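For chain A, the structure is supplied; the task is to place chain B on it using the hints.
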Amino acid sequence: MIRLSVEDLTLRTPAGETLVSGLNLELSCGEVTVLMGPSGSGKSSVLGWLTGTLPAGFRASGRLTLDGRSLNSVPTERRRIGLMLQSDFLFPHMTVAENLLFGLCGGSRRERRERVAASLVDAGLDGLGPRDPGTLSGGQRARVSLLRTLLSDPAVLLLDEPFSRLDAARREQIRAFTWQRASALPVLLVTHDVADIPAGARVIEIGACGQARVPVGGSLLGAD
Amino acid sequence: MLQRLAALCVAIAFVVPVSLGIVGTLWQGSGMWNPFAASVVGSDVASGMASGMPSGATVTAPIKAALADPRFLPALSLTLFSGLLSTALVALLSVIVLVSSHGTRVWNWTLSTLAPLLAVPHAALAVGLLFLLAPGGWLTRLISPWASGWQRPPTAWTVPDADAWTLVVGLVVKELPFLLLAAAAQLPSLDVDGTLRIGRTLGYAPARCWSRLILPRLWPRLRLTFLIILAFNLSVVDMALLLGPGHPPTLSVLLLQFLADPDSRAVASAGALLLSALVAFGCLSVLLLERLLGLIARERRASGRRGMASRPARLAGQGVALSLLGIGLLSLAVLPIWTLAERWRFPDAWPSAWTLQNWTERLPRLAEPALNTLGFALATALLALVAGILWLEAERRRRVPKLDGLWYVPLLVPQIALLFGWQVAAVRWRLDGQWPTVLHAHWVYALPYVVLLLANAFRELDPRWSHAAATLGAGYWRTLWRVRLPLLSRPIAQAAAVAASVSVAQYLPTLLLGAGRHATLATELVAGQGGMDRRAISTLALLQAMLPLLAFALAIGWPAWRARRLRRAALVSPHALEGIA
Chain A
1 MIRLSVEDLT LRTPAGETLV SGLNLELSCG EVTVLMGPSG SGKSSVLGWL
51 TGTLPAGFRA SGRLTLDGRS LNSVPTERRR IGLMLQSDFL FPHMTVAENL
101 LFGLCGGSRR ERRERVAASL VDAGLDGLGP RDPGTLSGGQ RARVSLLRTL
151 LSDPAVLLLD EPFSRLDAAR REQIRAFTWQ RASALPVLLV THDVADIPAG
201 ARVIEIGACG QARVPVGGSL LGAD
Chain B
1001 MLQRLAALCV AIAFVVPVSL GIVGTLWQGS GMWNPFAASV VGSDVASGMA
1051 SGMPSGATVT APIKAALADP RFLPALSLTL FSGLLSTALV ALLSVIVLVS
1101 SHGTRVWNWT LSTLAPLLAV PHAALAVGLL FLLAPGGWLT RLISPWASGW
1151 QRPPTAWTVP DADAWTLVVG LVVKELPFLL LAAAAQLPSL DVDGTLRIGR
1201 TLGYAPARCW SRLILPRLWP RLRLTFLIIL AFNLSVVDMA LLLGPGHPPT
1251 LSVLLLQFLA DPDSRAVASA GALLLSALVA FGCLSVLLLE RLLGLIARER
1301 RASGRRGMAS RPARLAGQGV ALSLLGIGLL SLAVLPIWTL AERWRFPDAW
1351 PSAWTLQNWT ERLPRLAEPA LNTLGFALAT ALLALVAGIL WLEAERRRRV
1401 PKLDGLWYVP LLVPQIALLF GWQVAAVRWR LDGQWPTVLH AHWVYALPYV
1451 VLLLANAFRE LDPRWSHAAA TLGAGYWRTL WRVRLPLLSR PIAQAAAVAA
1501 SVSVAQYLPT LLLGAGRHAT LATELVAGQG GMDRRAISTL ALLQAMLPLL
1551 AFALAIGWPA WRARRLRRAA LVSPHALEGI A
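Chains A and B, in that order, give the protein sequences.
Final position of the first sequence in the working numbering is 224; the numbers increase by one with none missing.
Final position of the second sequence in the working numbering is 1581; the numbers increase by one with none missing.
The set of hints was computed from the structure by calculation and includes no laboratory data.
Since this is a predicted model, take the numbers as computed values, not measurements.
Treat the hints with care, as some may be off.
Covered stretches of chain A (chain B as the covering partner; in silico rule of three or more C-beta atoms under 8 Å from a C-beta of chain B) [as the list claims (entries may be wrong)]:
hint	stretch
1	69-78
2	93-106
3	144-153
Sample of chain B residues lacking proximity to chain A, with all beta carbon distances greater than 12 Å (derived) [what the hints assert, rightly or not]:
hint	residue
4	Leu-1092
5	Ser-1144
6	Leu-1439
7	Thr-1479
Glycine included, every Cβ here is placed at the ideal spot set by N, Cα and C.
Excised from the complex, chain B in its bound form:
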C-alpha cells in the first residue's frame, strides 16, 4: 500500500509538470492565456484573451503572427536543414562505423571513447569544437605554418557560420555516440558473429550481411532512440546558441528571443507549437520512410545478389569512425590547454607560456556556478534514483502498471514547448526562481534515463535471489536493501551518473524556471560565450565537462573497487567475507 502510494507520487510528480507544461504552451500559443501581458501590460485585448473569450481570429492569431515575422521562415529553414541533415548523418555514419569496424580493434577503441563523449554536456563539447574548428583554432594551429603556410588565421570560413554547418558538426559529434552506444547495447541479443558466419557461408559479402540480416533487426530496437535524436536535433537550444548562426538563428533560439519580450509570449508559444508539429511531422516521415525502405529491402533480400567485399571501402569507413572520434576527443583536449594558457599566439601548436592564473583569479567567480551545478546534480541523481527504484519495484510487484511509453514524453516533446508552459504555471503560483522548482525540472529530464536504464536490470534480476532471502526470513525491505540493491549496484551507479550528467547539462530548464537566480555552469557558459575571452570560457567548459566524467569514473570505479575488496578479503581469510557481507 505504502509502496503503491509512493510510486503514484512519483508518477504524479512526473506527469503533472509535463502535462501542465504542454497544456500551458497550448493555451498561451492559442492566445487564450497570457498572464504576462495581462499583469505586466494590462492592455484590454490581452486581458480579454486572459479571461478566456477566444473568437476564431484570436485562437490562430499568435500562430499567424509567428508565421508573419520576417525572421520566422529563415529560422525554420535553418532548423530544418541542421536538424534533418545532422540526424541523417548520425544514422548514415552509425551504419558506416558499425559495418566497417564491428569485430575489429577500431570498434573497441570506438566503444571506449564513446562513453566520455556521451557524458560530456553539449555546451562544453560545443565550446571545445569552437576552439578546435575556428579559423584560428587548434586544428589550423596544428598544421600551420609548416603544412598550410598560414601565418595568420585564415579567413576562408567562420565558426559559427551563417549556414549552420558548425551546428551540424556539433550535433553529429554529440549524437552519434548516443546512437552507437544504443546499438552496441542491442547487438549482443542479435548474435552478430553467428549471423555473419551464416550469411557469409551462404555467399554474402559482410556489408550485405549487415544490410540484409542485421540492420533490419537492429532498427526496430533503435527506432525510439533515433526519434529522440531527431526531436533533439530539431529543437536544441544550448548548442544552437553556441554553434548556430545568429542572424537569423535557428527556430528554437528565435522563439527564446521572442519569449524575452512579454508581449511576444503568445507568439513564442505559438512558435513552440509549430516546432512541436515539425518534430511530430519529422517522426511520422521517419516511420513512413521506414515502411518504404522496408519494402525495398524485402525485395532486395529475395533477389539473391551476393555483393562483393571491398577492403578500401572498409578502411575508408574505419577512417570515418576514427576521424569523428578524433574530432570529439580533440575538442575535449583543447579545453584544459586553454585554461592553462598564458600566451598562445596563432600559428603555435601549443601555448608559449603556461599559467595557473586563469584558475586562481577566477576561482571566486567560478565557485558559485560550480557549487550550484554540483548541488543540482547530486540532488537530481539522488531523487531520480529513489524515484526510479520506487517505481520499478512497485512495477515488479504489480502494484502499478508498466508505463514505459510515459517516460519518453519529455524526451520527444521539444524542451521549449514543455518549458514555456511550465514557466507560466510556475510564475502563476509564484514557484519560479525557487531552488526546488529548478530541481524538479532537472529531475523530470533525468528520471526517464534512470527508469529506462534500470528497467532491464530490474526485470532481468533472477527472482530466486529474493526467494532465497525470503526463505532465510528476511522481509521485503530487508531483502531489497541487503540483497536486490547490492546485486544491482553496477546499473544503479551508472544510472546515478547519467542522472547527474543530465542535470549538469540542463540549460533551458535552469534558465526559464530559475528566473536568472540560479547561475550554473551551463547558464554561465552559454551566457558568456561571445563576451568572455577564451581562457575564461574554457575554465567554465572544462568544469562542466569534468563533473559528468567524474561521476562516470566513480560509477565504474566504485563497484569494481568494492568487488576487488571482497575478493582480496576472501584471499586473506575465507571467513572475512562474512564480516563484509
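Isolated chain A, as found in the complex:
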C-alpha cells in the first residue's frame, strides 16, 4: 500500500541551480527505497523538502501526499515523518530514558515509563535508562536514536546517512537492527555507500545532472 507519494518534485538552490527535477517517489509499507547520489546532488535537500525544513531561499515545486492527504502546507511537526540524521542528536540535557520519553507519543505517566523500559529491554539496552547519553557507545547511541524516532509513531521513516559515522564493526549490526525495527514502515534511505542498501530495496539515483533515474537495483550493486 502506498503511503507517501511525491509527484514531479523540482528543487532549486538559492543561486538558481536546479538540484532535482521531475522526481517521483512512492513509498509503501515494509519497503525500503534508497536515494543515491554524490554529495551536493540534492539528496539532503529532498529530505528537507519532505520534512518541511528546507533552508530559506530554496525553491521547490511538487506534490507530497500521505495516505492521499496533501502534506504540502502541513507544518513539519504534524507531518508524521520521522527523521534520522548522521548525527544521532541525543539531547545531552536528558538521560537515555528521558530522550525516549521525549519521543514517545501519548499514554498515561505509568504507561509511558513502562513502554520506554520495555523498548530498552527489547533493543538489548536494558539498564541504560538512567545513563547520560554521552556515556554510551556509538552503536548504543544509534539504537537509542532510532528507538526515539520510532516511539514518536511516524507514518514514514527517513534516514539520512544514518550509518556513516559508525565504525565498520558496528555498522553491519546497526543496519540489521534498523531494518528489523522499521520493517513495518515505508522507509527512504539516503546514502552514498552501496553497502547500506538492504536486499530487495528499490534504488533511485540522482546524478549531478539533476535528472532522476531508476536503474535496476541489482546491477548497481553488482557494479560496485
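The following block gives chain B in isolation, referenced to the frame of chain A:
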C-alpha cells in the same frame, strides 16, 4: 619570568583596588573607620570609632541608622520593584524575541541593531528616552494632533515618573541587547537548526522545541550574564538619576545623597552593604528559581505533550521585538534632531527651524568634557588591551593560573559598594582627584570585558600558527607581534572598542574618584539633566553616544579594510603580498 611578573602586576593592579574598595566599604559601614568624620568633624565619638574600638552597638549602628532613615524603605522598595521587574522583563522578552524571530529576517534586523544599542552609554540612551517618552516628547509629537487630538502636551503621565516605570523601560531597552547578544554568541554551538529539525519531526511545535530542547541548554551559558544584569539593575546609578524618581529615589541614588554629607558616610556605606546583600540575595533567588524551574521542566519534557504552533503568537512576538528595537533606535535618533533644532513647538513632528548654533555656541564648553572623555577612553582601551593580552598570553603559556571568576567580581558587586571604600582609600593616600586614579577605576571596569571577550579567541587560536612561526626561527615575542596578534586583530579591535565604550559610560567612578576635577560627558550629562535645556543636554548626549559608535565603526571597519587591501594587492600582483605581510 618577565611575562609572569607583568601578568602578576596586572592581577595586583586589578585585585588591590577591588578588595580595598570592598573592605573599605565594610569598615566604613560597620562604623569602625570614618576618616571624614575624624578629620573634618573631629567629634569624640567619630575619632573613637576611627581608632578602632568597636563595641557591639557601634558595629551595627550605621546599619540601624540606615534602616531607621524614613527614606530608606521607600527607596528599597523602588529598587526592588525596578530592579526585579526590569530583569524579569529582560529574561522574558529575550525568550519571546528568540523564539518568535530566530531564523527569520526579524532576527537579522534585531542582531544588526543590537550592537549599536549595546555600545551607546546608559546616560545618552536615557536622555534619548526622556526626549522620546515625555508627554511633550517625540512619540506624542509624531501622533499629534492628527491621531491623538493633542494640541498641547498631555498631562496623563510624567517622565520620569514617581513609580520608576520610566526607569524600568530604560533598563529593559539597555539590558535586553546585552542578553540577546550573549545568547546570539552561544547559539551556534547549540546547533539550533538541527535541534529544531529533530524536535519538529518528533512532532513538537517550534516553541516547544525551544522551551524543552534549546533553552535548557542555553541557560547555563547565560547564567552569569543574567546575574550581572540583575546586579546592575538593582544598583544602577546614572540611569536612576536620569530616569528614576526623585522623592524618594532608588536606593543607590539615596546612598549617593547620604555620601554627600560627611557625617552620613558610615550610613551610606552601611546602605551599600545592604544593597550588596540584596544583590547577593537576588542572585541566590535566581539560582533557587533555576532549580525549581529545572525540576518542572524535566517533568514536562517527559510528558510527551507536543503543543501547537501559533502563527498569531509568533507574529506578536516579532512585533514585540520590532517595537523594542524601534524605541531604542528612535531614542537615539531624537538626539541629533534636538541638537539641530532652533524652534520645535509642541505638536510639530519636526523642528520648524534648524540651526547649528547649539554646536557653535557651546563648543568651548563642550570641548573640555569631550576631550577628557576621549583621553580616558583611549588610555583605558590601550591599557586594558595591553593588560588583557599580557594576562591571556601568560595564562596560555601556563605562567599564571586561569582565573576567569576573578574578572566577574567588579561586574557583580554593586559599583557603589566598591567605590565608596575605594574613594576613602584614595582620599587617605591623597590619590583622589588625580587623573591616574580615575583612569585606574575606568580600567578596572573595562578589563573584565576585554579579558572575557579575548579569552575565547586566544584559547581557540590554532597553536600550529605559532609552531609554524617557531620552525621558521621566530622567537616568542616576534611570533606574538607578527603572527598571533595580527591573526587576532578582529577580536582585539572589538575588545578595544568595548573598553573605550565602557570608559565613556563611567559616571560613578569619575565622580567619586575624580573629586569633581575631571568633567567628562557622563558627569556633565547627569549633572546637567534638569538644569539645562533640551538643546544643551542633547549635544552632550549625542557626543557621548557618538564616541562608542565611532569606536565600534573603527573596530569593524579597520580589519575589514585591511583584509580588502591585502586582497586587492594580491590581485594586482601575486608578489605584492610579500611586501605587505
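Hint by hint, here is what the structure shows:
1. 69-78: Coverage by chain B holds for the stretch 69-78 of chain A (4 residues, Cβ < 8 Å).
2. 93-106: holds (count 9)
3. 144-153: Check passed, 3 qualifying residues.
4. Leu-1092: 21 Å, holds
5. Ser-1144: Non-interface label on Ser-1144 of chain B holds, nearest chain A Cβ at 40 Å vs cutoff 12 Å.
6. Leu-1439: 45 Å, holds
7. Thr-1479: About 37 Å separates Thr-1479 of chain B from the closest Cβ of chain A, which puts it past 12 Å; holds.
In the structure shown, no violation is registered for any of the earlier numbered hints.
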